[in-house]
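Visitor: Dock chain B against the given chain A, drawing on the hints supplied.
Spelled out, the chains give:
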Amino acid sequence: MTQAFKFPGWKDLPLGMDILEPGSARRNRTGDWRSERPVWALEKCVKCAVCVIFCPEGCLSVTEEGYPQVDLDYCKGCGICANECVTACIAMEREVE
Amino acid sequence: MARRVGMEVSIALAEAAKLANVDVISAYPITPQTHVVEHLSELVADGELDAEFIPVESEHSAMSCCVGSSATGARTFTATSSQGLALMHEILYIAPALRLPIVMCVVDRAISGPISIWNDHSDIMAERDTGWIQTFAENAQEAVDLTIHAFRVAEHPEVSLPTIFNLDGFILSHMIEPVVMPEREQLAAYLPSFVPLQRLDPTKPITMGPVGIPPVYTEAKWTQEVAMRNALPVIEKCWDEFEQVFGRKYRSIETYQAEGADVLLVTMGSIGETAMTYVDQARASGVKVGLLRIRLWRPFPKQAFLEAVAGAKALAVVDRCMTLGGVGGPVACELKSALYHEERRPKVVEYQAGLGGRDIPVSDFDRMVQGALAVLAGKRVPEPRVLQVRE
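Protein chains in written order, with the numbering used here: chain A, 1 to 97; chain B, 98 to 488.
Certain hints may be false.
[As the list claims (entries may be wrong)] Which chain B residues stay away from chain A? Per the calculated CB distances, all over 10 Å, these:
id, residue
1, Glu135
2, Leu195
3, Arg196
4, Glu340
[As the list claims (entries may be wrong)] Pairs of lysine to any residue residues, derived as SDA-like cross-links and limited to a Cα-Cα distance of at most 25 Å, are as follows:
id, chain 1, residue 1, chain 2, residue 2
5, B, Lys301, A, Ser24
6, A, Lys11, B, Trp319
7, B, Lys301, A, Leu13
[Stated by the list, open to error] FRET-style restraints, in silico, Cβ to Cβ:
id, chain 1, residue 1, chain 2, residue 2, range
8, B, Ser434, A, Trp10, 22 to 28 Å
9, A, Val86, B, Ser209, 54 to 60 Å
10, A, Arg94, B, Thr304, 44 to 50 Å
11, A, Pro8, B, Lys399, 56 to 62 Å
12, B, Ser209, A, Val96, 54 to 60 Å
13, B, Ser434, A, Trp33, 39 to 45 Å
14, A, Phe7, B, Glu340, 43 to 49 Å
15, B, Asp456, A, Pro8, 51 to 57 Å
16, B, Asp463, A, Ile19, 55 to 61 Å
17, B, Ser434, A, Cys78, 28 to 34 Å
18, B, Glu480, A, Phe5, 49 to 55 Å
19, B, His438, A, Trp33, 51 to 57 Å
If you are wondering where the hints come from, they were derived from the structure by calculation, not from laboratory data. These numbers come from a predicted model, not from an experiment. Beta carbons: idealized from backbone N, C-alpha and C, even for Gly.
Okay, chain A solo, but in the shape it has when bound (with noise of 0.2 Å):
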């Protein structure tokens, strides 16, 4: 998760520390403190999607079978989809370094 990123020297920031490209925030992938991470018991999945709705992140997809998927870039481990799925599918495992 860690990226070869140099932070500027106070001469490179923009005036105001403005950030002068749009939609750099693509870059910053901020799932990195996560401490716990949803995990599927697919068998149990109705494809209902609730998590994929609840997720205040937005990292949550839908696969072309219909399954939900996870994008670890961004997803904060929040639980919230697990406490959501109706079947009850989503266990939170904790994260090993």
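Guide: Chain B alone, transformed into the frame defined by chain A:
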């Protein structure tokens, strides 16, 4: 030809803001600033000033509005006092961090409690370190001139920082004084149109005010410090240009009868005029005393200050604000810090006076100078030295 007119100072500086052709004014009325924004709102309502006047429900909103307005590239003005300034507090830090050249008139008034609508500097001293350029006016003419200067400095491409000019509540704001109003042609020669260095523009989107995570916050604050340091010579240069166009001269530190003075009184704001009266009287009776007036408070003009006090043996510093439980008032502390590393430095004898609208008569200046002379003679003058406290 510019001519002298008698005008209430609040009205005069509102007229000066009109002459500066402000685009947006967002403000909330508070005593003693009220006449400033009241007059501006009338000018806008009467069609005499082509600007947006945005009324708001609080000063927090007024300053937030100014931040948004300035970010779009509009020349933005506001004014406040006391509790209103305090309510702006958290947004005051945002404007300089985003390098937005808002101009604000602060009509200085004591901070509650007890509730006081009268003048001292406790409101502005609480905003000392917010990152705004801060100047102080002594009379009507200075208030008008500093209004114009504030726009020139704030929007200067080498500065781009918000600027506060201070004037004392009632003592100045509500007085009718003779003032030479700037002419439109003079304004055109002195104050160019506002060209923002960066602004919100849908065709060229940028993000203002992103989070400063630990690896970048220090660098961001350092750029602000550098901006303040770099602003110092530009502020002086803008006063030089002011003199060329308007014929009136201003400096960051100004002295009166300082030559050969053993004791220099140090003042900020309108009390400088009473202090001059005292200095004239004292000089006539042989006391070697002069006056040093701090016109520019932030960024602090350390070099000019050190040069101005080089010959003095003691400074009698007047703070119009208390630092409860601290060591001396904010101005005295600043001056002591500036002097600390100097090999030859005058004694700093600090006083707090003129709190919550209490007058500072000529006799008070005499007491302060006598105290400084006593310190020079090796006597102890007990601290803290708050004048006019009844037993």
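Visitor: Against each hint, give a clear statement of whether it holds in the structure.
Guide: Going through the hints against the structure:
| no. | hint | verdict |
| --- | --- | --- |
| 1 | Glu135 | holds (32 Å) |
| 2 | Leu195 | violated (4 Å) |
| 3 | Arg196 | violated (4 Å) |
| 4 | Glu340 | holds (30 Å) |
| 5 | B/Lys301 <-> A/Ser24 | holds (14 Å) |
| 6 | A/Lys11 <-> B/Trp319 | holds (10 Å) |
| 7 | B/Lys301 <-> A/Leu13 | holds (18 Å) |
| 8 | B/Ser434 <-> A/Trp10: 22 to 28 Å | holds (24 Å) |
| 9 | A/Val86 <-> B/Ser209: 54 to 60 Å | holds (57 Å) |
| 10 | A/Arg94 <-> B/Thr304: 44 to 50 Å | violated (35 Å) |
| 11 | A/Pro8 <-> B/Lys399: 56 to 62 Å | violated (29 Å) |
| 12 | B/Ser209 <-> A/Val96: 54 to 60 Å | holds (56 Å) |
| 13 | B/Ser434 <-> A/Trp33: 39 to 45 Å | holds (41 Å) |
| 14 | A/Phe7 <-> B/Glu340: 43 to 49 Å | holds (44 Å) |
| 15 | B/Asp456 <-> A/Pro8: 51 to 57 Å | holds (53 Å) |
| 16 | B/Asp463 <-> A/Ile19: 55 to 61 Å | holds (58 Å) |
| 17 | B/Ser434 <-> A/Cys78: 28 to 34 Å | violated (48 Å) |
| 18 | B/Glu480 <-> A/Phe5: 49 to 55 Å | holds (53 Å) |
| 19 | B/His438 <-> A/Trp33: 51 to 57 Å | violated (44 Å) |
When held up to the earlier numbered hints, the structure conflicts with 2, 3, 10, 11, 17, 19 and fits the remainder.
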